[in-house]
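A.B. asks: If you want the building blocks of each chain, they are given just below.
Number of protein chains: 2
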Amino acid sequence: MKINEARIRARLEAITNLAVTEEGGMMRLALTDADKAARDLLKGWMKEAGMDVKGGDLGTMLGILPGSDQDALPIGIGSHMDTQPNGGKYDGLFGVMAGLEAVCTLADNGIITKSPLTVINWTNEEGARFVPPMLASGTVAGNFEVEWVYNRKDKDGLTYVDELKRIGYMGSMSNRFIKAKAYIEPHIEQGPVLDLEGYQVGIVTGALGITGLDVTIKGQANHAGTTPMGNRKDALVTAAEAMLELRKKTIEYGDPAVITMGIISASPASKNIIPGEVYFSIDMRHDNDTALTALEQDAIKIIKNICAQNGMDSLIERYWRADPVHFDERTVTAIETAVNRLNLNAKKITSGAGHDAVFISSIIPTGMLFVPSIKGMSHCPQEETGWEDIVTGVEVLAETIVELDK
Amino acid sequence: MKINEARIRARLEAITNLAVTEEGGMMRLALTDADKAARDLLKGWMKEAGMDVKGGDLGTMLGILPGSDQDALPIGIGSHMDTQPNGGKYDGLFGVMAGLEAVCTLADNGIITKSPLTVINWTNEEGARFVPPMLASGTVAGNFEVEWVYNRKDKDGLTYVDELKRIGYMGSMSNRFIKAKAYIEPHIEQGPVLDLEGYQVGIVTGALGITGLDVTIKGQANHAGTTPMGNRKDALVTAAEAMLELRKKTIEYGDPAVITMGIISASPASKNIIPGEVYFSIDMRHDNDTALTALEQDAIKIIKNICAQNGMDSLIERYWRADPVHFDERTVTAIETAVNRLNLNAKKITSGAGHDAVFISSIIPTGMLFVPSIKGMSHCPQEETGWEDIVTGVEVLAETIVELDK
Chain W
1 MKINEARIRA RLEAITNLAV TEEGGMMRLA LTDADKAARD LLKGWMKEAG MDVKGGDLGT
61 MLGILPGSDQ DALPIGIGSH MDTQPNGGKY DGLFGVMAGL EAVCTLADNG IITKSPLTVI
121 NWTNEEGARF VPPMLASGTV AGNFEVEWVY NRKDKDGLTY VDELKRIGYM GSMSNRFIKA
181 KAYIEPHIEQ GPVLDLEGYQ VGIVTGALGI TGLDVTIKGQ ANHAGTTPMG NRKDALVTAA
241 EAMLELRKKT IEYGDPAVIT MGIISASPAS KNIIPGEVYF SIDMRHDNDT ALTALEQDAI
301 KIIKNICAQN GMDSLIERYW RADPVHFDER TVTAIETAVN RLNLNAKKIT SGAGHDAVFI
361 SSIIPTGMLF VPSIKGMSHC PQEETGWEDI VTGVEVLAET IVELDK
Chain C
1 MKINEARIRA RLEAITNLAV TEEGGMMRLA LTDADKAARD LLKGWMKEAG MDVKGGDLGT
61 MLGILPGSDQ DALPIGIGSH MDTQPNGGKY DGLFGVMAGL EAVCTLADNG IITKSPLTVI
121 NWTNEEGARF VPPMLASGTV AGNFEVEWVY NRKDKDGLTY VDELKRIGYM GSMSNRFIKA
181 KAYIEPHIEQ GPVLDLEGYQ VGIVTGALGI TGLDVTIKGQ ANHAGTTPMG NRKDALVTAA
241 EAMLELRKKT IEYGDPAVIT MGIISASPAS KNIIPGEVYF SIDMRHDNDT ALTALEQDAI
301 KIIKNICAQN GMDSLIERYW RADPVHFDER TVTAIETAVN RLNLNAKKIT SGAGHDAVFI
361 SSIIPTGMLF VPSIKGMSHC PQEETGWEDI VTGVEVLAET IVELDK
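Residue numbers (our numbering), protein chains in the order written: chain W, 1 to 406; chain C, 1 to 406.
The calculated EDC-like cross-link candidates involving lysine to aspartate or glutamate, where the alpha carbons are at most 20 Å apart (straight line), are:
hint	chain 1	residue 1	chain 2	residue 2
1	W	Lys271	C	Asp154
2	C	Lys233	W	Glu252
3	W	Lys271	C	Asp323
If you're looking for bench data, these hints aren't it; they were derived computationally from the structure.
Input sequences plus hints: build the corresponding full structure.
C.D. replies: Okay, structure coming up:
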């Protein structure tokens, strides 16, 4: 099906021009004025496409185009419009706009599906303003309580519910997207694999499981000049040893195992005091549940052993655990069929990132399709996807909807 | 000479009870109300000892007891009364109070020296409130300009000069301690050597030189889940490699070479983003100028090489350089003679820390004596020196004054 390139381009640009940082990044945190402005535009385009626009109790927007079969369950397509601070252009936004564009394309081609088509904009996927991420889809999937979500506060102490009401997008619990034939989330890869290996599309078979650990290593703070090297209990040097061993062990597990130490701090944080305590975070991911558990156990063993060798204590606390997810086979096959019909160069891939689709997959048959991220850049102003790949992604989506509607 | 233990103990306790943290640490930052309270007590005791109390233009306090020889140059004894935040009891304070006590002991024993005796309390030795450390002694020694010092600001934006005036200790430039027969600074070791090796006193022959470097390693921030291990430019892992190599190289240099990475931070500091940039500080010390320079060059080479191997850039900036200092031979010998006369178990030692004496040694024949720090604890509430060692330190000082006065 021919995509109306000018239309989707103009719409993407209308939103990516809304709240831009000096460095060219997006600044559309959930439930801010910039988010509201993007929502208002989306609402207008949904209505223009003949959709009935509804809102969920977590602020999720749903644009519903009726199908020809009154009894058919809906097919949902969507993602999120909120961004990281100074985030990328198409992270989330691509999925929502691809959904809208696919629905418009089907209409342009005179195709009326049996299933109603629901285009969805989930609230607070990034978790950048209200922690943790994916609050709306997570609640719909039964992982969070709505009252708990409502009371989440941003760094200024503003609550989710007050901000949701303030921007005028409080909806109703009865509009939650909980029963459907399928849910498809198109997304940028956010990694380098498709771009580096020359694929046009990624057929996502599932998502990596995640284990998050908070690690504190306890040595002994002391004077930088008066403590001989042999008398030190330098928590930072021990942390460095541990981090290198953790990396080595993770590489031994092979792809898709990954490990990231994203935050580190030394205390008392003085240039002339030996660090007595060091904190660092660990984020470990794997597509295999057993392997992920083994990797976590290995990591704890490595830290404990290195601390013991250096006469130090450690405190290791798990702050997060998400099991690996395997998407619905029939839905994944529908995407594959669409890709083959369009004769595209596609790769089956596991998502390394969390997505609304990961939560939704526990209640609805779910699939995802990826478009390439140039050099794998993500959560930064340099995030980019080629224009041809965006159009290709919408084509695959439109074909997938036809396939799922069969 | 017999020391009046009850007197020095009561005076030390009067000051260490002034501003105590919950953890039992000292909170007597330079030119605060707590500093003023300590100064007021010291001023009273100086007057009680028959001293003329004067003030320098940097806030330094001088208690002067006249000698019998009108033409004799003074002998100075002192240290500082300011502390680190949550600092130790005797760091600095011991030197000032030992000076006062030695002067009182000589008087108790009917000894009148030819030289006037000047007990000194230098301002802002720690550099904890106004950066850098040793602002008063550094200015007296010609390393800083007084106007520049006056305009140093604390973290709340308050200036040195305003705070000095506020607590009522602004003095005159004519009172600077710049010409003397000798300056002796008694101090706690702040390191473990005397305590571990069972010495009662350290005869300090000089001070380690210091090179300080600010290091930034520039990798590439990216998504923690979607970037395979082989496609990462993780600045924190590279920093960890560099830190371990730096430690290894420093140990190769042997004692007294030391290296400390006291501060570290990763950017963007998110648990699920690979660190794109890491900053850490390096503090390197050695008693040999050539070796210190070689160690610095080796350190820079190590960082550059490891960054190059990992395809990263680095930025290395020197924030500090202090040459190694060798104290005056005659003054050091006077301390040694006093130690031998008292039949004490003493060790010649190089100071790893900076002290007012290090600056003053460039204009006045200078020496230092150390008392043991239990387990080498310093700049923390656990800092401790045994009561016997404190008394012994005062005895050595009193004998040293007699020796220097010959």
